[in-house]
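Reconstruct the complex from the two isolated chains, following the hints.
Protein sequences appear in the order of chains G and Z. If you read the first sequence in our numbering, its first letter stands for residue 1, the second for the next number, and so on. If you read the second sequence in our numbering, its first letter stands for residue 1001, the second for the next number, and so on.
Honestly, I wouldn't trust all of these hints.
As the list claims (entries may be wrong) - One side of the interface only, derived from the structure: several residues of chain G facing chain Z at Cβ under 8 Å: (1) P209; (2) G236; (3) V341; (4) A343; (5) V352; (6) W371; (7) L383; (8) A387; (9) L512; (10) W514; (11) Q516; (12) A608.
Hints listed in this document are in silico derivations from the structure and should not be mistaken for laboratory results. Note that CB positions come from ideal geometry on N, CA and C, so glycine has one too.
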Amino acid sequence: MFIELGHFALILALMVAVIQMVVPLIGAQQGWAGWMAAGDAAAGTQFLLIGFSFAALTYAFVTSDFSVALVVANSHTAKPLIYKVAGVWGNHEGSMLLWVLILSAYGAAAALFGNNLPPRLRARVLAVQGAIGVAFLAFILFTSNPFLRLEVPPFNGKDLNPLLQDPGLAFHPPFLYLGYVGLSMAFSFAVAALIEGRVDAAWGRWVRPWTLAAWIFLTIGIALGSWWAYYELGWGGFWFWDPVENASFMPWLIAAALLHSAIVVEKREALKSWTILLAILAFGFSMIGTFIVRSGVLTSVHAFATDPTRGVFVLAILAVFTGGALMLYAARAGTMEARGVFAPVSRESALVLNNVLLAVAAFVVFVGTIWPLVAELAFARKLSVGAPFFNAAFTPFMVALAIILPLGAVIPWKRARAGRAMRPLWPFLVLAVAFGALIWAMQTGRSALGPVGAALGVWLMLGAAFDLVQRTGRGALRARLGRLLRLPRADWGKAVAHGGLGITFIGISAMLAWQQEVIRVVKVGETFALGAYEVRLSDVQRLEGPNYLTTMAFMDISRDGSPVARLTPEKRVYPVAGMPTTEAAIDNGLFRDLYLVIGDPQADGGWAVRGYVKPMANWIWGGAIIMCLGGFLSLSDRRYRIAAGARPATQAPASRVPAE
Amino acid sequence: MRRAFAIAALGVMLAGPVFAVLPDEILPDPALEARARELSKGLRCLVCRNESIDESNADLARDLRILVRERIVAGDTDAEVVAWLVDRYGEYVLLNPPATGSTLILWIAGPMMLVFGLGGAAVYLRRRRGARDAGDMALSDAEQARVDEILRS
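Only chain Z is shown next, with the shape it has when bound in the complex (with noise of 0.2 Å):
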């Protein structure tokens, strides 16, 4: 749904391609073309909304992927071409953010809340049993002690 209005807003500027990877990017090689659109899944077209440059239309993505597919002819492993981008553009490109410093939390948040999730149910569900099979139909102390009175009179 989003690149719709990336579309909306982009489409103005370049009346041109509605297309994201053209025929003359791919590379003749298959396994080096595999590996660098795999690459370019991760990594964000900068002037877009969270588009990857694999999705995008945006000339910069074009650039952006040609770029990868360069450092991949030169020889490059995923990791340096990953390594080189993040150098120039920040870890803004990244669309997984790498599980280092502040960001551990991001990562960890969803396991974290699970463990107190379950801890809570684990208490909770003990209660329940725990709590007598009458349940509120037994009658409490003030209550019985108001039975007794009347059963006495």
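Excised from the complex, chain G in its bound form (with noise of 0.2 Å):
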């Protein structure tokens, strides 16, 4: 009965977004305060009918409900409560009504935030946020309904995929999704101001944390699932440059884009075509995303819903949003005429050229993706495109990227000297090819990946630090202290976020050109060496999990005679699944990880056994963190919280107001 309740709130959500889209544009282009006033009670509604409609499928999944035919294919008695919850997401259906759920609540907290947004502007917000509901509540009614039930429900369910019963990957898609979705709410604010045909800097200033917002818990999500990758997979790998993984990394990119382009739109009012252009592609992207995956066009090991049908009803949803929204843009795009005057040396320009490359670098990404179909249909020539492509045409663009940074963040607006603004730059800059230099002679004849991307990260790190010490001014230690503790928010947040880059560059790098690697079969009291340090096969034994039987083996490390660690790596069988995974342990350290996996047992009683050391690879998530934390300081900062709806009467001076 629940369960019927929950897909009946479903269906009557998909009549509220019909209503959410149509009333309030219609109140919007005649001005009926009434109509616009509508949009919020029915993004309000929708909101709560989608939660209930959710909260129907979880209650479903919880209480085991085999009549359901999802939760049959998805779930079993025996898995533990978090992975029960978990596995309403861990399907296409579910996944997709999660997906609606982020979306009527970002449409609902736009809503309900929305009080100093001028009524016209939020009308037409709210009403492409509900064009958007009603096309993807139609996807999931008619293409992929997730409350269809069995006539005769089958004793116990088949059970959700081992690899996904794992608390790193049961939480990798409500991250992702509100990334994702939550670039709707900068398109939907974009689609408004062109019917509106007008950008300002207030725009900017309210576009501006929502896509923070978004690009936050993007880099969380991907951070998630590269974090994922890297402790279950068995080897260790943390990126693939797969399509999935792709279709998660251009709107991440494009965001970043977008995040430092609606800065010159509120601080300078330039851009502002440029900026609007960005906020469809973002949402577009994250549409191209939710294509690939759920069609399975591009044979991802990750398109668990290959299904044509699902396939072009997507499609159509990404041609007419994207399509319609860049027709709109070609018509109106000429009226955003941009105000603020900047020389060729500037800030402005040096977020010019961040756009051209981020965005360059998502057009690498994006061609390299849907190459191999491109080629298969124009060309008949069946290629693949693979990491080797893309470590190669896609670095470059971060390379160039992470050198002008912290020049980039530092320049002033408007118009400046670049000898100027470089020269106390240089010691860091001289410090940084140093670090390098140090390391490359250190390391004697490996690649130049390790002191290039060191060199690159310690630079960002020094420019952040520099960044933040600048905005101090002169005077006394004690009163510049002050100064820097009572900084802007946005402040310390662009300086965390530049830092965490580096951080995380740094990881990348070390990570690719120092690891190594150990393949051996080694027996029951046997000990070999792994780089610095002794490994022994102390024990393997065979034990019971709550759905899964499990090898373990136990493998004590040692460093010059004093023990390191004992780990337990595992190799697992989940019977009902039918499906072995490998449980790698890992040592975690500041500066290294120590990583083994046990294989099979060998012919001559021994165990095959992997190991690596796998140099500073903690800093790749960890510089995703810091990334975020950046994220949510800048997005903390009072301009947003007291004065996120001003529309200025005058602007203030460029140089007073806090620069991200």
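Quick look at the structure:
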């Protein structure tokens, strides 16, 4: 009964979304306040209805209601509770329901916190948000209904894919969706502004927090997925340039570009039409991502829903929204006249360069992702585009970005002299290069990747520190320290996020350049060398978990005779799903991870064992966390809390406003 | 991440090894082995999705890894090994598509776009500098005429 109510609520939500799409739009056009206000009520109602629907599906999973087809396919009574809940979105239908739940949550948030938005703009934003809701609710109800019942319920379920039964992956989709769907807000604001024909500094200020929030969530989602791949897949890879990873990475790059161009709109009232275009593209890439995952057109292993009708439906949604928005853009972009004037050497120009690099990098990823499809359709060539291509074609853009970032972050607005802005940075650049050279000298004969990456990372971190220090001005140390603490949160956020990027750079390059690997057969009681460490296979036992059987190895690591850690890598078999998984054991350290995997027993009585020393591994995700922290700091800046809605009567002098 | 579902798909078929390079495949000569590993990273496991044979657990990937090693031991150069594999499996086996023919478009797409982007940015920046500093704070001709009219009356 509860399930049917959830189903019914979802149908009702579709109808409410139709109202949300139509009524406020007409109201805004005609200037009818009542019709415009209907958007708020509709957004709230839609969220409550979808929330109820989602709760019903969660209830079905938690109580293991095997009369629901989806629960049978993705759950089992023996599964731990957390994975019963995570199972709700561990499949196509449920994940789409989560998608629209988040979409409606953003809509409701815009209605709730949008009091200081002009009513006309708010009505249009909510109408566009409603239109997206209509499309995806229809998609769920017509092609992927999660509430379908079985006539004869089976005794038990088929269990969730064991690889998904993991804390890292359980929360990977919700964060990723919060990011993907969060970009719909930027999209709605962009379309509303195009309809209105007006983009000003206040618009930039409204769009930025939504984009920032979406970017933070995307960062967390991507980092979680990468971290999961690292510890779960048994050899410590963290990024594969798989189509579905690229699908999340493209919106991330575009969102990062959008964040920076919205600053120029907010501070300087320039780059308006470009910012609008980025906002459309960012959400467009989110939908392309959805299309890639849902259609399976690029034959990715993520495509757990290879179903042509679904693919075509998503493609139609993509075409209507992105195409429609781009047509509107073509018609209206000319009216977005820029006001701010700036010289070719200025913060504005640096941000333009940032945008060019990020956008072209996203374009490279896009072309590489769809190229196998294009080559097959247009040139009848069946080929692969894999990691080696992306490493070669994508990395230079990130290197260029890292080189210009510290200078671009401190160069003055409007008009600047590059030499003068660079002068205080020279010592840091020299230090960073010297550091890279030192590493180069120490490692002799290995790839240049490590030293270059480390030098760039150090350059980014020192640049971020300098950015903060130079904002404290001159004077006594005490006074400057006080000023440092009183700096706007946005300034801190900017420096912290840029520093985090540097940390990630160091982590990635160190891991790629200096990883050590051992693959061999080891008998119980034997010791083998792993880099500077000795590893002893002390014991192997067969044990039983809640819903799996495991072969657990006990391995003792020591260095120069003193014990470092005892690790227990496992090989599990989930009998219900009939599937083995490896559980690598990792000893985390600040400067290195020790990574051990146990394989199969060998004919001679030994065990296949793999061991890695992964230098600086945690810096990759640590940097991502720090980037998110920077985002949160920036998001909590008082100008978003206090004056978020003020459409200033007179433009504040740009130099007085906190930069980011 | 993508390995997850590859394993999901393959797991049922081969509930045995969850391991890519196995100890018994490794060549005794570390220099040759290093070459084999490097080559394997650029070769696609044909039954997998976007995985190199170095990472894959599939039986076919193992066969290919052993094949690569056999060719190397037989004295082939890296290029000869790759050419030998492309002859048999087509260029689909290469994860790094060679920049020839239509694939050239793929390789130059990024640099071309960068040139366009920088060119567009340069034009934009020029125009920004050229714009009047007062921007639209200044009155348009029509507005000026209207002001004059008001002042006159």
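Going down the list of hints, with the structure as the test:
| no. | hint | result |
| --- | --- | --- |
| 1 | P209 | 26 Å, violated |
| 2 | G236 | 11 Å, violated |
| 3 | V341 | 5 Å, holds |
| 4 | A343 | 6 Å, holds |
| 5 | V352 | 5 Å, holds |
| 6 | W371 | 5 Å, holds |
| 7 | L383 | 5 Å, holds |
| 8 | A387 | 6 Å, holds |
| 9 | L512 | 12 Å, violated |
| 10 | W514 | 15 Å, violated |
| 11 | Q516 | 13 Å, violated |
| 12 | A608 | 5 Å, holds |
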